[in-house]
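Engineer: Given next are the chains, with one letter for each unit.
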Amino acid sequence: MKVLFVTGPTTESWYQMVPLCQAVRLAGHQVFVAGHEDVLSAVIASGFPAVAVSSATLPDCLVDRRGEKVELPIDGHDRDLAVGRVIGRFAARSLDGLSAFVEQWRPDRVIGDAWAPAGRLAAHRHGVPHVRFGVDIATPVGYELAAVAELGPELEKLGLFELPPSWLSLSSVPSALRPADAPPSLPVRYFPFETQMALEPWMYTRDERPRVVVSMHDQTVPWALFGPARLKELMPDLPGLDAEIVVAASRATLEQVGPLPDGVRAGHAPLAVLAADCDLVVHQGYPDSVLTCLDKGVPQVFLPAHPGFVGPGEQLAELGAARVTCAAKAVPAVVADLCGEALADPGAAKSARRLRAEAHAMPNPSRLVERITAAADRAEEEVPA
Amino acid sequence: MRMLFVAGGTSGVIFSIIPLAQAARDAGHEVVMAGPEDVMPVITSAGLAGVAVTARKMLDTLLYDDGSRRPIPTDLHERYIFNGRCFGRYATWCLDGLLEFAGRWRPDMVVGGTLVFAAPLVARHAGVPYVKQAVDMGEPRTIDLAAAAELGPCLERLGYHEMPRPDLFVDVCPPSLREADAPPAELMSYLPYATKGRIERWMYTKDDRPRLLVSAGSRISRDRDFEVLSGLVAKVAALDVELLIAAPPSVAEALSPLPSNARAGWVPLDVVAPTCDLVLSHAGGTTVLGNMHYGVPQVLIPYLPYALGFTRRLADYGAAKMVRPEDDSPENVAEACREVLEDPSYRKRARDIAAEMAGLPGPARVLGALERLHRAPAT
Chain Z
1 MKVLFVTGPT TESWYQMVPL CQAVRLAGHQ VFVAGHEDVL SAVIASGFPA
51 VAVSSATLPD CLVDRRGEKV ELPIDGHDRD LAVGRVIGRF AARSLDGLSA
101 FVEQWRPDRV IGDAWAPAGR LAAHRHGVPH VRFGVDIATP VGYELAAVAE
151 LGPELEKLGL FELPPSWLSL SSVPSALRPA DAPPSLPVRY FPFETQMALE
201 PWMYTRDERP RVVVSMHDQT VPWALFGPAR LKELMPDLPG LDAEIVVAAS
251 RATLEQVGPL PDGVRAGHAP LAVLAADCDL VVHQGYPDSV LTCLDKGVPQ
301 VFLPAHPGFV GPGEQLAELG AARVTCAAKA VPAVVADLCG EALADPGAAK
351 SARRLRAEAH AMPNPSRLVE RITAAADRAE EEVPA
Chain C
1 MRMLFVAGGT SGVIFSIIPL AQAARDAGHE VVMAGPEDVM PVITSAGLAG
51 VAVTARKMLD TLLYDDGSRR PIPTDLHERY IFNGRCFGRY ATWCLDGLLE
101 FAGRWRPDMV VGGTLVFAAP LVARHAGVPY VKQAVDMGEP RTIDLAAAAE
151 LGPCLERLGY HEMPRPDLFV DVCPPSLREA DAPPAELMSY LPYATKGRIE
201 RWMYTKDDRP RLLVSAGSRI SRDRDFEVLS GLVAKVAALD VELLIAAPPS
251 VAEALSPLPS NARAGWVPLD VVAPTCDLVL SHAGGTTVLG NMHYGVPQVL
301 IPYLPYALGF TRRLADYGAA KMVRPEDDSP ENVAEACREV LEDPSYRKRA
351 RDIAAEMAGL PGPARVLGAL ERLHRAPAT
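Respectively, the protein sequence lines represent chains Z and C.
When we follow this note's numbering, the leftmost residue of the first sequence carries the number 1, and every step to the right adds one.
When we follow this note's numbering, the leftmost residue of the second sequence carries the number 1, and every step to the right adds one.
One chain only, chain Z, in its complex shape:
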C-alpha cells in the first residue's frame, strides 16, 4: 500500500509522527512524507523520502491574504482565533502543491498531522481515506475552527461547507490529559523522537545529587511570547538548589542565549535521554516536552512559552505531577522555589510514575498499522471520489 504522511507546520509536529511512520514502513508499505521545504531536512534526517509541497513557513503566514502583517493579541480568545488563522493560511498555501502531489502519486492513505487541514482537503479531493494524527495537547478546538474559517475560500472552491471528516483519527494524548473537546480517536502511544547525536557520558550519567534538566525548546511557533532567552533569565537561582542543573538545547539556541549561570552544564542532548534519568524537568510547555516527560515518568515545572501552553500544565499540576508559573511574571527565586518544592514532594514523582504507566499502556503504533491499512469500506461511502 502507498501511504502519504503530511507533516504539520513545525519540526516537532513531524517528529511526533515518526514512530507511526516507521511502523507503517516496517510493515512493508511504501511511505512518502509531504511537507513544506523548511521541515524536509528533518524528514530526510529521520530516514524518509520527502516531498516539498510549499515553500511557505509558519512565520510567513503572519501576513494575511491582503499582504498585511497580523498583530497577534497577547491573550484570550482573540489570540486563539488569530493563531488558528495562521495555521489556516499555512494550509491554504500548501494545498495546491499537496493536492497536485496526491493526484500524481495516488496514495492509498493520507495520514496527516492534526494541524495540517490541507492534508484532509487534498485526500478528500482525490478520494483517499484520511487518517488524522494528533497529540491533542494545548490545541483548543478554537484553533482548528479558526483555521477552517480561514480556509473558507478553499472550501468553496472544492464545493465543501466544512472540513471533511477524517476516516480515522489517532491521538497520543494520555487519557488523564485528554481535553473534552478533542475528537474521538483511537489511542496510540507517544514515543519521543528528536534529533540524535553521539551521546556523551554526562548525558546519561549523574552525580549523587538530584538532577534537574532545563529544556530550552527552539522557538518553533511564531506566536511564542517567551523564547529560550527568557528561560535563561529565570535560571540564576537554580544552582543554589543543591542539585545538578543540566540544560538541553539545540546548538543554535545555545549560541543564541550565550553564557549560562555558573554551575550549570549545557549541551545539545536529546531530552528523552536526559529525562530518562533525572528528578525534574523545567520546560516551556511545548507538547513534545510534556509528552516526553510523561513517557519518562518525571515531574515537570512549566514556564509556558505562550498562554496556549498553560492548560496542560494546570491539568498536570492538579494531578500532582507538575508545577506551573507564568513566564512573564516569575522571578528567579520563584522558579527555584518551585523546583525545590517539586523535588521535595514525593507525591510528584509518584504521580508522574502513575501517568507514565498510563501512557505506556496505550497501544504501540505498530498495533495500529493493520487498522490503518484495513479495507476502507466506510471511507468509500464517506469520501466520494
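Because the hints were derived from the structure by calculation, they are not lab data.
Because the structure is a prediction, the values reported are computed rather than measured.
Hints may contain errors.
Below, simulated EDC-like cross-link-like pairs (lysine to aspartate or glutamate); rule was C-alpha separation at most 16 Å, straight line [to be verified]:
1) Z:Lys69 with C:Glu339
2) Z:Lys157 with C:Glu179
3) Z:Lys157 with C:Asp181
4) Z:Lys329 with Z:Glu233
5) Z:Lys69 with C:Glu78
6) Z:Lys157 with Z:Asp96
7) C:Lys206 with C:Glu242
8) C:Lys196 with C:Asp270
9) Z:Lys2 with Z:Glu370
10) Z:Lys350 with Z:Asp277
11) Z:Lys2 with Z:Glu103
12) Z:Lys329 with Z:Asp75
For this one, chain Z is given, so just place chain C on it according to the hints.
Structural biologist: Structure of chain C alone, referenced to chain Z:
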C-alpha cells in the same frame, strides 16, 4: 412534540421561520420560539409563545464591551470572518439562557434559522434532533465557519470538537437558484411574512404608471442604513413612475421633501408587491425572496457582501438585474430600472421563479419530515 424554535436577532430572519413554526403549532405541536428580548414583539405578534434568552441586541455585536465600534473590514474575506464572528458572538450571548430554558422545558426537537448558531449547540446538549431552516438563499460559507471559530470556547466548555451538524436542512431556495454544491435539503416554499397593520387603498391599487417600490429592508432607521435608502430614492427620482418607498414613519419623515410622484411610509410587502412592476433594493435576503414569491422583477444593488452570491444567481436566471455597488451612479441605476421595466423577459422570468417556488411543498407538508425525524430512532 415539543418544538423549540430559535430565532435570530433581527426581524427579517425571524419572519422566515414563522411559517414553519405556525404550521407546527397548527398541527397540534407545542411550539415555543426563543430569542432576544428586543424581538419578543415580532414573535408574539405572530401568535407564537416567546421566551427571551438575552437582554443584549444583535447590533451590539458590532461594538466592543466598552461601547466603541469594532472596525468593519472592507476586504471581502476579512469581512466574512468579521460577520461570522458577530453571529458567533451573538450565539454566545443567547446560549446560557437557551440551555437553561431547554433544561426546564425539555424540547423534543430544536429548529433554528441559518446563522442562529446557538440552536445546534442547545439541540446537542439536550440530546434532540436539530433542524436548520434557511432564512434566505444562502450566505458565504466562511461566515458559518468563522461563527464556529468564535464559538470555540463554548464548544470547549460543552466538550464538542466541532459544530453539531443538522439532522435535517430545510431550504427555501428554489432548485433553479441553488448552488451546484448546495447540501441535500428538504425544499420548502418560502412564504413572506411581515408584521401587520391597517391597510389602505393605495396599497392594493395602482394608477396607470409603472409602480416602482424602493426598499432597504425592515431594519432601517435614522441611524442605520438611512443613506442607503435616501441614496436609492435620489437615484430613481427622475423616472416616470409611481414611486413607493418602504420606510418606518420616522425615516419617511426624514426623507421629505419627496418628488411629487413618490409616497413613503409603511409598505406591507404582501399587500403591495402584487401591484408592483419593479422593486429596487439593497438585495436583503428576505426582501429578495419576498418579491420572488410575488413574481416581481428586481434591480438589486448588493451593498451587503453576503448578498452577492444569490443576487448574481437571480440575475443570471433573468429575474433581476444586478448593479454592482461600485457602479451605483444615478444614471446606471435609473438605466437598469428602465431596462427591467421595458424588457418583458424580466417579468416572465420573475413569474417563472414564482411558479417554481409555489410548486414546492408548503410548511405543513415539510413538517411531516420533522415529525418523521422525531419518530426515527436516535442514531
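Engineer: Which of the listed hints are broken here?
Structural biologist: Hint check: 1 fails alone, others pass.
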